[in-house]
Amino acid sequence: MKHQILSRPAASVAKLKMDDGESLTCEVGAMIAMTTGFEVETTTRKKGAKGGGLGKALKRMFAGESLFLNHFTATNNGQSLIIGPRMLGDVLHFPLTGGSLIVQGSSWMASDTDIEIDATWQGFGKALFSGESIFWLKCSGEGDLFLSSFGAIYEVEVDGEHVVDTGHIVAFEDTLQFNVTKAGTSLIGSFLGGEGLVCRFSGHGRLFCQSHNPPGFGKALGPKLKPR
Amino acid sequence: MIEFSCPSCSKKYRVKDDVAGKKARCKECGAPMPVPDVAAATSEAAAGMDAGSSEVLTGSTPHFDYEISQRPDFALISINLEEGQKIFAEPSAMASMTPTVTLKAGFKGGLGKTLGRALGGESMIINTFTADNGPGEVTFAAGATGDAARYTLTGNSLMLQRGAFMLHSEGVEVSGKWQGAKGFFNGEGLVLLKASGDGEIFFNSYGAILSVDVTEEYIVDTGYVVAFEDTLNYNISVLPGLRGGSKLKTLFFGGEGWVCRFSGQGKVWIQTRHVQSFLSWANPYRPSTSR
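Just so you know, the protein sequences line up as chains V and E, in that order.
When we follow our numbering, the leftmost residue of the first sequence carries the number 223, and every step to the right adds one.
When we follow our numbering, the leftmost residue of the second sequence carries the number 3, and every step to the right adds one.
The hints are all genuine.
With beta-carbon atoms standing in for the labels, derived distance ranges:
no. : chain 1 : residue 1 : chain 2 : residue 2 : range
1   : E       : Ser239    : V       : Gly243    : 16 to 26 Å
2   : E       : Asn235    : V       : Thr297    : 17 to 27 Å
3   : V       : Thr297    : E       : Ala97     : 44 to 54 Å
4   : E       : Thr217    : V       : Gly320    : 36 to 46 Å
5   : E       : Pro34     : V       : Glu364    : 13 to 23 Å
6   : V       : Lys441    : E       : Gly86     : 48 to 58 Å
7   : E       : Gly145    : V       : Gly382    : 42 to 52 Å
8   : E       : Val58     : V       : Leu443    : 27 to 37 Å
9   : E       : Gly112    : V       : Leu443    : 38 to 48 Å
10  : V       : Val378    : E       : Thr291    : 35 to 45 Å
DSSO-like cross-link-like pairs, simulated, lysine-lysine; straight-line CA separation at most 30 Å:
no. : chain 1 : residue 1 : chain 2 : residue 2
11  : E       : Lys179    : E       : Lys110
12  : V       : Lys239    : V       : Lys360
13  : V       : Lys239    : E       : Lys29
14  : V       : Lys360    : E       : Lys29
15  : V       : Lys239    : E       : Lys269
16  : V       : Lys404    : V       : Lys360
17  : E       : Lys106    : E       : Lys196
18  : E       : Lys110    : E       : Lys88
19  : E       : Lys196    : E       : Lys88
20  : V       : Lys224    : E       : Lys29
21  : V       : Lys224    : E       : Lys24
22  : E       : Lys115    : E       : Lys179
23  : V       : Lys224    : E       : Lys269
24  : E       : Lys88     : E       : Lys179
25  : E       : Lys25     : V       : Lys224
26  : E       : Lys88     : E       : Lys106
27  : E       : Lys88     : E       : Lys269
28  : E       : Lys179    : E       : Lys269
29  : V       : Lys404    : V       : Lys441
30  : E       : Lys269    : E       : Lys196
If you want the ones that stay clear, here's a sample from chain E, every Cβ over 10 Å from chain V, calculated:
no. : residue
31  : Cys31
32  : Pro34
33  : Gly86
34  : Gln87
35  : Thr100
36  : Lys106
37  : Thr116
38  : Ala120
39  : Leu121
40  : Ser125
Everything labelled a hint here was simulated from the structure, so no lab data went into it.
We put the CB at the ideal spot given by N, CA and C, even for glycine.
Pulled out of the complex, with its shape left as it was, chain E reads as follows:
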């Protein structure tokens, strides 16, 4: 099937593949129009937009080399450590590793940071993987099926949604950050995670991750925010552009609930699925107690 539209009146057509390249006349306006071939028709539809990707992300950093494969549905992070290099991970994220790597579990960053992480929906324990006996490889995967992304911190901070943190390199601190009254409305918890320092951080999502460069303002449903640079300001509000009186209606019946309104310059990472909506779909299938 080829989909294309008339160049003069943009009426849409759908034709069989075997008429590709032939000339036709538009039924609507009578203008002559060539039927594009299959490849041209596909690229026309995608013109001017960036593609979501399943490509393998690789790179080397001062701390280690990494590869994120099996994207976007089952992201697997491989970290290649030189002898003596370290990576820090949330508990149970490790999938496999070479025997040259030793694992040590422990609190990190003192009592305040540890409690902060706990309030941010993460474990108090952080696992340290060190390539003690020669170079080694550790692979990590998140608990939920989904994508993973990497970010390099250079003295700035990255805010992460509850549970999104996976791994970090040396030089990075992860703690909780109290969001004040804003936290009450975002539905995900009162405390966000804050990663700061100099180094690498990896985070994960449910569903794929799309990154958006915000230049002025951008709106994301609170449940879909994975991470954002701290150069962005945000506030929690109902959907904008509503006429008077319809604000409440959209809030309660429109199902979009609260949204995060970002402003300033920076990057936001959003996930394409929300665990909560899957859970509410699964809920009716739970057995009921017969009491």
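In isolation and in its complexed conformation, chain V is listed as follows:
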């Protein structure tokens, strides 16, 4: 599978060239356009897996993803598929080589069908206060992983400690640990400063952040919209 990220950074899409038998699992609704040599399958579980799908699917739903996954399998050589996220923002290609990447629930867009996607529970405190979804998706195995962001994506090489505002995390390598703490020295000060709670990462590994915070934008936009 060959890939290319087009029209970066605000309107990014991933264009994939796939040969016979290669297959990709996508978030529901990610497909924009494609050639005709694909077989498409919608399931609640990993392609080819037998049973045990529903629990994972439910967890995925809590992670801000859909209950369902779409699997695109090329039935011919030289097929092309274009996938893109919902929001204005960038697409990140991450080649997984055996390790694990923890992805913020709504940032996952697509991955090689060989990659195991499991929603992980990060503990009650972390879940409640991290401001994002309760679950994170743990992607492990070998293959290509495509993530999306709201705004631009930037990478931080963490060696020691790093602090990120909760809404700005896209993904991080599982060699990193994190806990949720207040941003300033006092709790009230943190909230008055508008930063609220932050994630404090420690260890050694790569961390991907997004420049903009989707709930932040939503809250700014909300009051200006017609009531439901």
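Given the coordinates of chain V, assemble chain E onto it according to the supplied hints.
Coordinates of chain E only, in the frame set by chain V:
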């Protein structure tokens, strides 16, 4: 970071920049492999694919000279008119202009074409910009953030999605075209816009525009179609290649809904974002009425 794969077993590696050009041995198959330098690694990943572009598009036509800049996120179209030349635009598309240009609003193309445009999601009014008092420049930008593209009509027709029309030169007519039963399913409206004649047409998108040359068949999600040449046939269907029984499942749960299946020879323009999916993301943030 350099990403590359082993030439013999294609296991993928990610290494630090400072080992570029050094020799290494593959952990998987033991074959010797050179670590490429940064530039080579990047071009390998992009091999065999056309790039999406942010380049400024310029050109001259018999009607005027144009430039499309700030692509693909905030496309701005500048039209340079010689004295007496005209350009026709949808209302409120104009961003700025020199004082030599006069603007006249009006219906164009008679009642049938005007109503057709209205059904195609456009305004009934078309603004005419004329360089009456010497050469002038008019700049245009669409309502949504996104890209813009240009197409030259030579007696053929271009079909445009609702709301995609921006500008046209003299010699072009824009009207609505009833899509029949197909329209019910495409989710975007029953009427597409049809531009025909001899001249230039500019259209816009939400997100970037990618153009695809269709030679046999091509599938696009209905929400992402911006325009297509009328040499292409299309029909609305669910995703193909589904096994029996799973068609309905993908339609209702797969989120891809209906797709446009193009066939024949011609060009399709697709946009990389869909306003509707942004709106459905924003919807939960709307205040709720407490009644």
